[in-house]
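Enquirer: Respectively, the protein sequence lines represent chains A and B.
Residue 13 in my numbering is what sits at position 13 of the first sequence, and the numbering runs on without skipping anything.
Residue 1051 in my numbering is what sits at position 51 of the second sequence, and the numbering runs on without skipping anything.
Think of the hints as simulated: they come from the structure by calculation, not from any bench.
There could be a bad hint or two in this list.
DSSO-like mimics (lysine-lysine), calculated; alpha carbons at most 30 Å apart, straight line [stated by the list, open to error]: (1) A:52 to A:17; (2) B:1062 to A:17; (3) B:1027 to A:152; (4) B:1027 to B:1062; (5) A:87 to B:1027; (6) A:66 to A:17; (7) A:127 to A:87; (8) A:66 to A:87; (9) A:152 to B:1062; (10) A:76 to A:66; (11) B:1048 to A:17; (12) A:87 to B:1048; (13) A:87 to B:1062; (14) A:66 to A:152; (15) A:130 to B:1048; (16) A:130 to B:1027; (17) A:130 to A:17; (18) B:1027 to A:127; (19) A:127 to B:1062; (20) A:17 to A:127; (21) A:52 to A:76; (22) A:127 to A:66; (23) B:1027 to A:52; (24) A:66 to B:1027; (25) A:17 to A:87; (26) A:52 to B:1062; (27) A:66 to B:1048; (28) A:87 to A:52; (29) B:1062 to B:1048; (30) A:130 to B:1062; (31) B:1027 to A:76; (32) A:66 to B:1062; (33) A:76 to A:130; (34) A:52 to A:127; (35) B:1048 to A:127; (36) A:76 to B:1062.
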Amino acid sequence: MSASQQLTPTNPNSALKIRLAYRFLLTLNTLNAKKPPNFDHTQIHRRSHRVKIAAYASMASVVGPKRAWSRAILWKIRNRGMLARNKKRIHRISTPIRLHRHHARRRRNPNRVVHVDPFVNSGLEVKLRKLVPGAETIDPCGLLDETADYIKYLATQVEVMRNLVDLYSTI
Amino acid sequence: MSSRRSRSQQGSSSMINDAQMADLISKLQQLIPLHVNRTNSSKVSASKVLQETCNYIRRLHKEVDDLSERLSELLESTDTNSAQADIIRSLIM
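Just chain A, with the same shape it has in the complex:
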């Protein structure tokens, strides 16, 4: 299989791929063990949702609590039961603030000379904060850093899943 032949341990990207793939397969295995296979149409949708959650959960667990996005993902997944139940009552659960105890609140000093930065408060920054999990309360510098990290892991996870789909479809 060409996919396995391309994996060389010396390449850091491949090492990351192996870690993500292993974790993802582990999560999938436990997923499969729990539920019996159903051929009902609604179950198919639920199963694909579970696979998606497994993908994000395994990706976030490989990183662990080191990153804001992985923390946010893990928190969201662990509490998705509660979130679904309280959806009507609570609009936005501000966990990043709770977890980041060292993140002090920024006070806007009107007398301070503000270096006009086209990025801050632009539409793009808002969009980015919505796309990257857990990025709503990070400062703009950290936001770009988180985005880069998130993209790296997300792209590798997509590659892993694509390879899995190829492998499964040829078996």
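Guided by the hints, dock chain B onto chain A, whose structure is given.
Expert: Using the frame of chain A, we list chain B on its own:
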């Protein structure tokens, strides 16, 4: 208050250097697949990079959805135990 100043990333969003920002933007640029030729990378504006980043993230999310749908279908139709053992073996070796 001095401790807050000493942390470079705390409360200083209005005082980000251009150099710092350019550094981060170039880092992002290397990660996303750009349509522009790489030799012109110095001319790609920051806003374009950010826009491409947003689009790329959205695309990746959509791909995860599609792939997980296909994976769930495939997982149904194959004998999972032996297939997964094979896959794990082929991926790790």
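Enquirer: Output the indices of the hints that this structure fails to meet, ascending.
Expert: 5, 12 and 25
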